[in-house]
Structures are given as structure tokens and as C-alpha cells.
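A.B. asks: With the hints in hand, could you dock these two chains into one complex?
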Amino acid sequence: QSALAQPASVSGSPGQSITISCTGSSSDVGAYKFVSWYQQHPGKAPKSIIYDVTQRPSGVSIRFSGSKSGNTASLTISGLQAEDEADYFCSSYASSSTYVFGTGTKVTVL
Amino acid sequence: QLQLQESGPGLVKPSETLSLTCSVSGGSISTTSYFWGWLRQPPGKEVEWIGSIYNSGSTYYNPSLKSRGIISVDTSKNEFSLKLRSVTAADTAVYYCAREEGATRGSGGWFDPWGQGTLVTVSS
Chain W
129 QSALAQPASV
139 SGSPGQSITI
149 SCTGSSSDVG
159 AYKFVSWYQQ
169 HPGKAPKSII
179 YDVTQRPSGV
189 SIRFSGSKSG
199 NTASLTISGL
209 QAEDEADYFC
219 SSYASSSTYV
229 FGTGTKVTVL
Chain E
2 QLQLQESGPG
12 LVKPSETLSL
22 TCSVSGGSIS
32 TTSYFWGWLR
42 QPPGKEVEWI
52 GSIYNSGSTY
62 YNPSLKSRGI
72 ISVDTSKNEF
82 SLKLRSVTAA
92 DTAVYYCARE
102 EGATRGSGGW
112 FDPWGQGTLV
122 TVSS
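So the sequences go chain by chain: W and E.
With our numbering applied, the first sequence has no gaps in its numbers, which climb one by one up to 238 at the end.
With our numbering applied, the second sequence has no gaps in its numbers, which climb one by one up to 125 at the end.
Everything labelled a hint here was simulated from the structure, so no lab data went into it.
Some clues are possibly wrong.
[To be verified] Straight-line C-alpha distance at most 30 Å; calculated DSSO-like pairs for lysine-lysine:
id : chain 1 : residue 1 : chain 2 : residue 2
1  : E       : Lys14     : E       : Lys84
2  : E       : Lys14     : E       : Lys78
3  : W       : Lys161    : E       : Lys67
4  : E       : Lys67     : E       : Lys46
5  : W       : Lys196    : E       : Lys46
6  : E       : Lys78     : W       : Lys172
7  : E       : Lys67     : E       : Lys78
8  : E       : Lys46     : W       : Lys234
9  : E       : Lys14     : W       : Lys172
10 : W       : Lys175    : E       : Lys67
[Stated by the list, open to error] Pairwise CB distance ranges, derived in the manner of DEER restraints:
id : chain 1 : residue 1 : chain 2 : residue 2 : range
11 : W       : Ala133    : E       : Gln117    : 25 to 33 Å
12 : W       : Gly207    : E       : Pro64     : 35 to 43 Å
13 : W       : Ala210    : E       : Pro64     : 38 to 46 Å
14 : W       : Ser139    : E       : Ser125    : 40 to 48 Å
15 : E       : Ala91     : W       : Ser223    : 18 to 26 Å
Ideal Cβ placement from N, Cα and C applies to all residues, glycine included.
In isolation and in its complexed conformation, chain E is listed as follows (with noise of 0.2 Å):
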């Protein structure tokens, strides 16, 4: 069974570089016809979604965040992480990492397993 588990600091400083690492078991991040992404819900309001990546590192990105955020992935670890700089009070969420199927088609998809999830806060 698929698994995705998050981790990365609880805590990050306004302006500073929020850094998140997705690892996956029960399945490679290898596999052809999936994309892997990172969403995130702020208190009180809807998810987000912020980009997506495939495994040959072909991402694409939300482009609210203003090109704030980067994806990349390690196939030989078996993850994929999110980077995000010049946080705000805005960027304080519960981010998720989940699988994307259906991306591959060239359109839509959908996101299935998601992660536990991990708070971040951003406060000085």
C-alpha cells in the first residue's frame, strides 16, 4: 500500500525559505503515468494546490505562488520536496504531499494517497 509521509520544520521565520521533504513507500516514485505534488490548507480556509512534479523532474506550479515555490525529487531516495521562499504569515498551513493521477493524460487528474499532513508556521 502506497504511503506518503511529510517532514521539515514546524517553525519558519517571515522571509526565510520553508523546505519540506514527501517520502514515499510501498511504491516507487519511478513509476510512469504519476505525477507528485504538494498541496496546502491555511486554518480555516480551502486546500490549495501548489505544483506538481513528474519523475523525470518536469514540474509545473500554481501560479498564485509567484514563482515563490520549487519541486524537485530523488528517485534514489525515493522522495520529493518543496521548497518556498520569502515566507509570510500567509504561508502558515497544513501541507500535504499526495500522488496525481491522471496528469499523465495531458489534462486533469486527481490526488490519491495523500500524506498525514504537517503544520507549518510561519512566525519570527
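Looking at chain W on its own, in the form it has when it is part of the complex (with noise of 0.2 Å):
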């Protein structure tokens, strides 16, 4: 299984919208619906943001929003503030029930 693509970096003012696309293959992110992303800032232990393509866990906040459109899933982060830069990163469940993931992108908040 390759590592799913992301752009190295993105930026963006505060308050703005920004999108990390996630690229995978019909083996992985075509194939499920079962593509979660993460949020790690530097030291800390990476943290779930979106799982199922779409779906928030509690208390993560709703400026997080994810899609999917064929071999490609996507991150909205909405209204950007200073404590989203971080770095962001996919998976995808792929087939031989394993999972792929992505190689990460950092947010700059500008």
C-alpha cells in the first residue's frame, strides 16, 4: 500500500477557509467510507478530528468538516484560527484490512 498524498503545506489568514486534500487509490480511499483525519501539534499526541469521511467525535469543534469524491478525501477547516496550525494528516482502511495513511501537511496560520 502507497502513503496517501498531501500537500506538503497550506496556509491561510484567520478567519479564512482552507482545504487538505487526501489522495488515495480504488484500493483504499474509493473503495471505503472509513477515511478519518488527525491533528497533531508539534510534541503532542496526534488527535482524532474527523472519522467516516464526515463525522465529527465530541467536542471537536464544527469548523472541521470532511468529504469525499472518489479517490480523494478533503478537510475544510472554517473561520481558521491560531490554535489550528498544527499538522494534519489522513488514513484511509484499505483492502488486506489494513489501514494506509497519509504524509501530512502543515497548517500555517498567517
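C.D. replies: Laid out in C-alpha cells, this is it:
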């Protein structure tokens, strides 16, 4: 399984919306409704912010939303805030009952 | 609040066995509906799922590990463990344990919460 492709970096100003893409294949993102997204601040444990493509865990801000089209999933952060500056990575369930993860995206709040 | 904490040696020699334990607090590892997983992130690379275990001992692994990994659970201690044999420099990574949600649906899930992670370096 190859890693899911994400842009290395995305930036935006406070209040703006940004979207991070996560591109896989017909064996992972395109085949299953089990895409999740994680936020990781430096030196901290990853935190789940989206699961099952569009679902938010309890306590996660409604500013985070997920979607999927074909082999590409997307995470949108609306109303960008300084606290959103972190690394984000996606994951998908894949064939052979395994998980594949994304290459990671660094979000910078300008 | 559920918390997970990894522990184990930070340095392992090539060809030896890496052993890590994940202690779970704030909840029982015997709770139904959850698997418990190990993941790792080599320096500068993406996260890799290693494998997961249910409280009954049922496991499933990433085929890329080529059967080098074994995950076990000790419900009496509320912890689960990873052993990875025949390690090489390519196994140097931050190792995380995490609760795997949704997997008992018979297909994919997600990982939450994660432990802080522990860096394991393979070097002589």
C-alpha cells in the first residue's frame, strides 16, 4: 500500500477557510467510507478530528468538516484560528484489512 | 478520561526484539466495541499502522511487517504489548498506542485517543 498523498503545506489568514486534500486509490479512499483525519500539535499526541469521512468526534469544533469524491478525501477548516496551526494527516481503511496514512500537511496561520 | 501511555527501552540493537507496553487508564481495556492498536512514525515519514488486538486476544496485523510483530493483551493489568523481532534501522520510529474505534463493525475504524508516543532507536 502506498501512502496517501497530501500537500506538504497549506496556509491561510485568520477567519479564512482552507482545504487539505488526501489522494489515494480505488483500493483505499475510493473503496471505503472509512477515512479519518488527525490533528497533531508539535510534541503532542495526534487527535482525531474526523472519522467515517464526515463525522466529528464529540468535542471537536464544527469548523472542521470532511468530504470525499472518488479517490480523494478533503478536510476543510473554516474560520481559521491561530490554534489550528498544526500538522494534519489523513488515514483510510484499505484492502487486505489494513490502514494507510497520509504524508501529512503543515497548516500555517498567517 | 481515557489515557494511554507507552513504555519500553528507547534503544534496541539490530537483530534484537523491540518490546513496548501500553498502559491504559481511565477506562477498561475489556470494554466491548474497541480494538487496541500500535502505530509508528519513522522520522520524516508518514504514520504506519502495525496491528491491533481485541480484549479476547484476537489480532490483525499490517502485512508489510512480514509477521515480525506480535501484539498481546493482559486484561488483568489493563495493558497491551508489542514485540517486534529482528529489528533494523528501518524500525527506528516514534511508536504510538491508541484505541481503535469502529473496527468491531467488521471493517474500518479510526484511532482515538493516542498515547504520547515513545521514540525507539535501533542502533548498535
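A.B. asks: Please go over all the hints and tell whether each is borne out by the structure.
C.D. replies: We went through each hint and held it up to the structure:
Among the hinted pairs, Lys14/E with Lys84/E is consistent with the structure: their alpha-carbon atoms are about 14 Å apart, no more than 30 Å. Of the pairs offered as hints, the one joining Lys14/E and Lys78/E holds, with about 28 Å between alpha carbons and a cut-off of 30 Å not exceeded. Restraint check: the Cα-Cα separation between Lys161/W and Lys67/E comes to about 27 Å, which is no more than 30 Å; the hinted pair holds. For the hint pairing Lys67/E with Lys46/E, the CA-to-CA distance comes to about 20 Å; that is within 30 Å, so the pair holds.
The suggested pairing of Lys196/W with Lys46/E holds, with an alpha-carbon distance near 24 Å, which does not exceed 30 Å. Taken as a hint, the Lys78/E and Lys172/W pair is honoured in the structure, with Cα atoms around 26 Å apart against an allowance of 30 Å. For the hint linking Lys67/E to Lys78/E, the alpha-carbon distance of about 29 Å falls within 30 Å, and the restraint holds. The straight-line distance between the Cα atoms of Lys46/E and Lys234/W is roughly 13 Å, inside the 30 Å bound, and the hint therefore holds.
With a CA separation close to 27 Å, the supplied pair Lys14/E and Lys172/W stays within the 30 Å bound. Distance check on the hinted pair: Lys175/W and Lys67/E sit about 29 Å apart at the alpha-carbon level, within 30 Å; holds. At about 28 Å, the CB distance of Ala133/W to Gln117/E agrees with the hint of 25 to 33 Å. At roughly 41 Å, the beta carbons of Gly207/W and Pro64/E sit within the given window of 35 to 43 Å.
With their beta carbons about 41 Å apart, Ala210/W and Pro64/E fall inside the hinted range of 38 to 46 Å. Separation of Ser139/W from Ser125/E is about 42 Å and conforms to the stated range, judged on CB atoms against 40 to 48 Å. Checking the proposed 18 to 26 Å range against Ala91/E and Ser223/W shows it holds: the Cβ atoms sit about 24 Å from each other.
Violation of the numbered hints given earlier is absent; every hint is satisfied by the structure.
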